[in-house]
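Visitor: Letter by letter, the chains look like this.
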Amino acid sequence: MTPVDAKEKPLREEEGTELIRPKPSHHLLAIKVENKFGVLSRVAGLFSRRGFNIVSLAVAPTEDERFSRISIVVDAESAPLEQVMSQLNKLINVVEITQLHPDDAVEVELLLVTLRFDNKSIVAIQETIKKYKASILEQNDRLITISCADYPGKLDKLESILRDYPIVALQRTGQIALPRLEFLSK
Amino acid sequence: MELTGAQSLIKSLEQAGVEVLFGLPGGAILPVYDPLIESSMRHILVRHEQGAGHAAEGYAQVTGKPGVAMVTSGPGATNIVTPLADAFMDSIPLVVISGQVATSAIGTDAFQEVDFTGITQGVTKHNWLVTDPDEIPRIIKEAFHVATTGRPGPVVVDFPKDVANAKTDWNWPDEVDLPGYNPPGPPEPEAVRKALELIYQAERPVVYVGGGVIKANASEALAEFIKLTDFPLVTTLMARGAFPDSDSHHLGMPGMHGSYAAVTAIQKSDLLISLGARFDDRVTGKVSAFAPNAKVIHVDIDPAEIGKVRRPDVPVIADCALAIEAIVAEIKKAAAGKKSVFAAATKTKQAAWMAQVQEWKAMFPFAYDGKGESNYPGPIKPQQVVEELSAAADENTILVTGVGQHQMWASQLWSFAKPRHWVSSGGLGTMGFAVPAAMGAKVGQPTKTVWAVDGDGCFQMTAQELITCSQEQIPVKIAILNNAYLGMVRQWQQMFYEERYSEVYLSADLPDYVKWAESMGCVGFKVSEPSEVAPVIEKANSIYDRPVVVDFRTDSMEKVFPMVPAGASNDDILVHPSLRERLSREQ
Ligand SMILES: Cc1ncc(C[n+]2csc(CCOP(=O)(O)OP(=O)(O)O)c2C)c(N)n1
Ligand SMILES: [Mg+2]
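Protein chains in written order, with my numbering: chain A, 5 to 190; chain B, 146 to 732.
Looking at chain A on its own, in the form it has when it is part of the complex:
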């Protein structure tokens, strides 16, 4: 995931939460694809075949059921963006590729984590949950499952705090992104 030493610049004015943008060495691509058999494998296959590195990948249906959107974060050092985009464009099922500069996009990722707690640690955990606007999905006398959706950089921070506790399982989705409103209206 995005290293924490990336350039920090708050995107939203919020108490105590500085948000981290992806390192400029990453590109955000939103790839609109036809909802056809094997399309994810074609996109993923192209990346490995051409030696482009994927940092994260998420797929979901779009507002139009004929299409899906694949959100990919690409390691910029592994290939020039132009090559990645034009090679992707050659896939017959790829309809449109939008490159989002991290500065021009809102990005969200989801994190799920199950922690083991005791009477001492639960207080601090609850504070963290509050501070990061996370929510509790399940809890029993020893284990707690938390979810948090936010900018990847913020999840990095949350994750590093939670690593102080015994983690039973942790899962992140990879980010999805949309252009900021100012770019949509243009």
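Incorrect hints may have been included.
Said to hold, decoys possible - Some residues of chain B that are not near chain A, with every Cβ distance over 10 Å (derived):
hint: 1; residue: P448
hint: 2; residue: I451
hint: 3; residue: E540
hint: 4; residue: Q590
Said to hold, decoys possible - Think about it this way: if two alpha-carbon atoms lie no more than 30 Å apart in a straight line, the pair counts; the simulated DSS-like pairs of lysine-lysine are:
hint: 5; chain 1: B; residue 1: K339; chain 2: B; residue 2: K210
hint: 6; chain 1: B; residue 1: K413; chain 2: A; residue 2: K94
hint: 7; chain 1: B; residue 1: K286; chain 2: B; residue 2: K372
hint: 8; chain 1: B; residue 1: K440; chain 2: A; residue 2: K94
hint: 9; chain 1: A; residue 1: K40; chain 2: B; residue 2: K156
hint: 10; chain 1: A; residue 1: K40; chain 2: B; residue 2: K453
hint: 11; chain 1: B; residue 1: K453; chain 2: A; residue 2: K94
hint: 12; chain 1: A; residue 1: K94; chain 2: B; residue 2: K372
hint: 13; chain 1: B; residue 1: K440; chain 2: B; residue 2: K453
hint: 14; chain 1: B; residue 1: K413; chain 2: B; residue 2: K312
hint: 15; chain 1: B; residue 1: K453; chain 2: B; residue 2: K484
hint: 16; chain 1: A; residue 1: K161; chain 2: A; residue 2: K124
hint: 17; chain 1: B; residue 1: K484; chain 2: A; residue 2: K40
hint: 18; chain 1: A; residue 1: K36; chain 2: B; residue 2: K286
hint: 19; chain 1: B; residue 1: K492; chain 2: A; residue 2: K94
If you are wondering where the hints come from, they were derived from the structure by calculation, not from laboratory data. Backbone N, C-alpha and C define an ideal beta-carbon position, used for all residues, glycine too.
Given the coordinates of chain A, assemble chain B with the ligands onto it according to the supplied hints.
Guide: The following block gives chain B with the ligands in isolation, referenced to the frame of chain A:
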């Protein structure tokens, strides 16, 4: 009208204009072979599915039409992966229909099941798994559209057995609906304008012609461009024949085994006009040292080729023919009422450049010991065979090759006159290409003579398709340059591995090529003396009813020159020993 999926497929192939398919049946594709009996299409039963694929490639290269092959599932399908990869590298339009196990059995490791759309993802332009029999006509129409438009390439239609047996209606769609597929057409006027700016200023221009010129049928436009500009040009391995070798503007083939003039002209050029070429490493050598002082105009229909290897100063994303025509039209406009579109001073520099490249061409021909003699003491020089074949050929003769030294000599020494008369495996370098590709070429152009120049190693990989040729009356001619070695590999071991020969010796006498040819229904000749070369070629050329195989016993130790060692700069070109002194004086 109700019909089966298999009938729908056959009808769709007919509707797509297919006249010939190459294939071999088996369990999963059985239902499709039944209605084939009634079809107007000619099916050629190959002896190995690799042969079907290469034959379809040869057919496509000489006709400009898509080649079609049909195979069964599992091993039939995997056997055609090599031709698919070959066609993908060389942008050859191919439609391969593969049988597949029934949709209900997919994913169960059923008998002869392979994930063929998965396997071929990286070596096809696109592929389809048919799951709904009603979609057969649409998918076939799309398959041919994708294979033949834009940058051409191979496609696969994987066809499950239950889909073939299902009942369906047949409706040929009017249009293809592929929202993600929009191949470029004519060039942007702005790109043409920028290209012309560089063209008008060029003092040491070289036109770098690639296979795209052949694919786009742009030879005429190219000829006009050369006539208008007087620029020298080179044709890559994939573009041999795009422009006649006999024309003095033509400097030959560039690259690892290219002519000295072609390689050196590119290196010293100040403008490289790339037309449908892709800056392959066999052409560029060390990329950072390739044409170091040249500005680059890169014309290609595939946007992904732009900047992949070398960043152009002016990219022109367009169909090659339309791009050259647009440039030609602008030059004509600019030339109206003028003596030349070039400034006088520029024209003088261009003339000096032309004189320079002509001098290189004259000083550094393709040399070999015994050149010009037919009575030197044997063994036969392989180059002599190619030169004699070329001299005896009319300009409608099609030349096909395998991969290795013989391929380089064929490309260097054959005198090419026209496009689509040369069929060779370029990007993939597939040994065993020649015999089946020659078969496909002859099927595509039955009235033309088809010669294959093959290696002994290559021949042994796919020779069995000569049985197909005999049975189907496809009289191709094969010249084996039998040097008893995997010669190209031997050359590298000799030059770069201190003559440590590892696993490259084959034997000149094993197999007995004449007997083998005869057993396959061909006429076989063996030639050991330089003086016999021409007479036997004449004999072979007078046989029209059967395939001919000539076993030319050639010099094992002969090497291909010039040579740019792998990864070296093109400036470090090695010429034939007899020209070395001349080269050192030149440098
Ligand atoms: C299928 C395949 N296997 C291996 C190679 C590597 N290779 C390139 S040229 C060559 C030697 C070809 O021998 P032959 O057909 O006798 O041609 P020659 O070089 O002797 O003219 C080999 C082994 C290849 N290109 N293709
Ligand atoms: Mg050999």
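Visitor: Of all the hints given earlier, name the ones this structure violates by number, lowest first.
Guide: Numbers 1, 2, 5, 6, 7, 12, 14, 15, 17 and 19, in rising order.
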